[in-house]
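*Asks:* Next come the chains, spelled out residue by residue.
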Amino acid sequence: MLKRLLLVRGTEILLFALLAAIPLAARSPYALGLLTLLAIYGILLIGLDVTVGYLGQVNLGQAAFLGLGAYTAGILTTRWGVGIPMSLLAAGAVCTAIGALLALPALRLEGPQFALATLSFLALTTTTLTELEWLTNGSQGLSLVRPPLLGVTLTPRLFFWLCLALLGVVWVAMRNLLSSQWGRAFEALRDSPIATDAMGVGTYRHKVAAFAFGSGLGGVAGALYAFNFEYLQPQSYVYELTVVLLLGVVLGGRKSLWGAFVGATLVALLPNLLSNPALFRAFAVAGFAMALVAGVRGLVRRSTRPFQALAPVVAMGVLVLGSFLEKNTEDWRKGIFALMLFSVVVGLPEGLMGFAAKALARLFRVEPPSLPPAAALDEVLPAMTAGAGPLLEVRGLQRHFGGVRAVDGVDLTVRDGTIHGLIGPNGSGKSTLVNVVSGLYTPTAGEILLRGVPLPRGSLFKAAQAGVARTFQNLQLFSGMTALENVMVALRGAYRTPLPLVLAGLGRTEERRAQAQALALLELVGLGGEARTPVKDLTYGAQRFLEMARALARKPELLVLDEPAAGLAHPDVVRQVEVIRRIHARGLTIVLIEHHMDVVTELCDVVTVLDGGRVIAEGRPDQVKRHPRVIAAYLGHPGTEAGEAGPAEGAPAVS
Amino acid sequence: MPFSIVAQIAVSGALMGLVYALVAYGFQLTYATSKSINFGQGELVMVSAFVSLTLINTGLPYWAVVPLGLLFGALLGLVVERTAVRLALEQKSEGWILLSIIVGLFFFSAAENIWGRDDRPFPTPIPSAPIRILGVEVTGLEISVLVGVLAIMGIIEVFKRKTLMGKAFEAVSADSDAARLMGVSASHTVMLSYALSGLVAAVAGILVSPITTVGPTMASAMILKAFSVAVVAGLDSGFGVVLVGVVLGALEGLASLYIGSGWREAPGLVLLILALAVRPTGVFGKSVIRKV
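Residue numbers (the numbering used here), protein chains in the order written: chain A, 269 to 923; chain B, 53 to 344.
Please keep in mind that the hints were generated in silico from the structure rather than gathered at the bench.
Computed from a predicted structure; not experimentally measured.
From the three backbone atoms N, C-alpha and C, an ideal C-beta is built for every residue, glycine too.
Among the hints, erroneous ones may be present.
[What the hints assert, rightly or not] Derived contacts from chain A toward chain B, CB cut-off under 8 Å, selection only:
1. Leu514
2. Ala546
3. Phe548
4. Trp600
5. Ala606
6. Leu609
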């Protein structure tokens, strides 16, 4: 614990102390300017990393938020004489708001469309800043004077310390945010947006919040940028800057505060590097050597593809040649960025800090903080007593895909406190039915009631909020996280600390409680010893159990298990039956889709059989098994076609 | 404002819009086979135009330069595929977004240093004298854009439908895995789509250069609008891009007429963001059913 504190926090404190001390020793205004820029870019890149690293989307709009923040501060100080603190706040607030507005449409998109939307926003911003001459002075530029802070005139040195202090605040706040439920939600939605919604976390709202937050940081950085340069031009915030910022994040290393810092250092130093031929040559040769060593190592160990090993060597080779042959390296600025970025993206996808972090983790083994003892099960999953009425009622439910009637008029009643089996041949509509109930699909027609209240339609998130939890036939775990974190993400009602307090680092106690609760659920499904294991290292069977624990973290009224035993080895099936029994003993109502008839027979109180999107039989397992239409549906029937089941109304009732 | 001027500006704008549509069509070609697009497509347009201009300056006749320019465009397309796209597709990542931006940036820098930063005229035998059609003046160059865009799109569509290679293309677009199981090489088809996309970019460059002049930044505004067209129409919408391109071009002309020339880029960008808010898959795009 102490070692961890010393190593991790100690290095950070050392870094900031060193940076703060430099201006005391070196009095060159040039160096001071670079340091100030470094701090500003640091804030900007931490903001950009939220979308690029944590949401995993290419964001080409961060330069626009830098510009918007800068102009907000510039206009406020020149027009209305607003001071530094209010300008910073206003720039942050304006950019957060605009970021949220842009995110609402843009984050419905993925990948290329999102990149395009942000790129368009950047172009639109530049146009607006140029054309709104009455406000921004257009392409002539806007001059401002850095206002005093609390009556003190800010010398460049004091201003640098202000920027550095703000970087420190942002750094700490970001770390607190990322180690809270918010950080887990960001990771989760990148791994599986569907499961994030189905666990009631809300993919969309977290994406919008993340983007708005990152944009707000861009705005704060922009305000500092304005106070630093005291002159603004719309042409400063263009495509090229956006690409350079991306270079910073990618080169430094995504999903890492240190990475953002290293990237910022590089971005701040680049112009300097390019204007000094000797320095540039040394840099190019060093890069080439690195690429060569990494490439040869990758080829020998066969850990990388040939292209991945060779392309960076070629690119850096071109850079070295260019550095010796070409005099005007400044003119080739973009080309040089391109070659460097290309080498890093291809050869070192995790960036410098990603690479360094791995190496350091091998050198210094730092134990993660110990886990609290598991909470009592009664606290996590209070025992429920069955009510009298039905829990789930489905009436006349239909879901069509074009001409395919996947669910074609299903009536279903699930009594409170029972295990209700749902069986039927492949393509009979079981999964579609469950997908409609859990909100993945909007029903074409029909009603779904949970305790007599209509269930929200067509929204996994809202259905989850209403008390339905589910597992997935094709596993939808958050593969980048540990078993414990998977459960913690889904914990209902465990996180009540408001965002500002989380940013201030006051969410730790509830974090411990959430860990204890999640641990209790892992123990319930028999994974108590695997809490720290990354999901991708769990066995297939363990992953199935983990999905159950995660669904239970929702403290649901209705638990839907979609073929939980599919693909399991026999011993695991036996264990699973045991686990489902234990869950049921807590008073939970369970809908179980299953092909293993022995599992169904052993567990279910009632079984509904579907075929061709309709109910063909319902009753106790042993009754259903003997039902002629069920036998016909599974095995075919002499004289009738198996797939063509008649209407459910005509079927003889069994129960 | 007299109606004839408004009509004139709308028609000229619409004809420019066809060029956006053509570049957007290039995005569709690669999106169909690999769900990826080249973010540096504008640089392909620009570099192809520069190379064609250089060839013309060596004394080659225009009509001999055109096929060479197209060939060069196709080659550049292949370079993009090899350097920026293939690795990312093999890793099933979206790294191609960043990599294609990077490769485009390199082309841009190279063009700046090889050909200089100034805009240069692009000589052409096509007459630029205006002709009056229904009270609207149209130049020969504008007509060449209309004919050229529709011709190249038509040829590629016929190629896709009538030849074996084209059918392989369609098969990979419909279901890449199934096509692979049927013995169609998906990676060759992706290469083909990038070559075609580069060729289309070269056509756009050669058609538009006589009107806009040739310079490193000639395509940077155009490419944004082509993106808008592609996304608004939907990246899998076939000829929807033509309609959206024409409408956008006309809107753009009208915006610069009524709001001010500095705002001419704005309608496309606003349209893009709005269209996305309403229909993320594009106006003519197919909606996708989520599966678990």
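*Asks:* Hints the structure violates: just list their numbers, smallest first.
*Replies:* 2, 3
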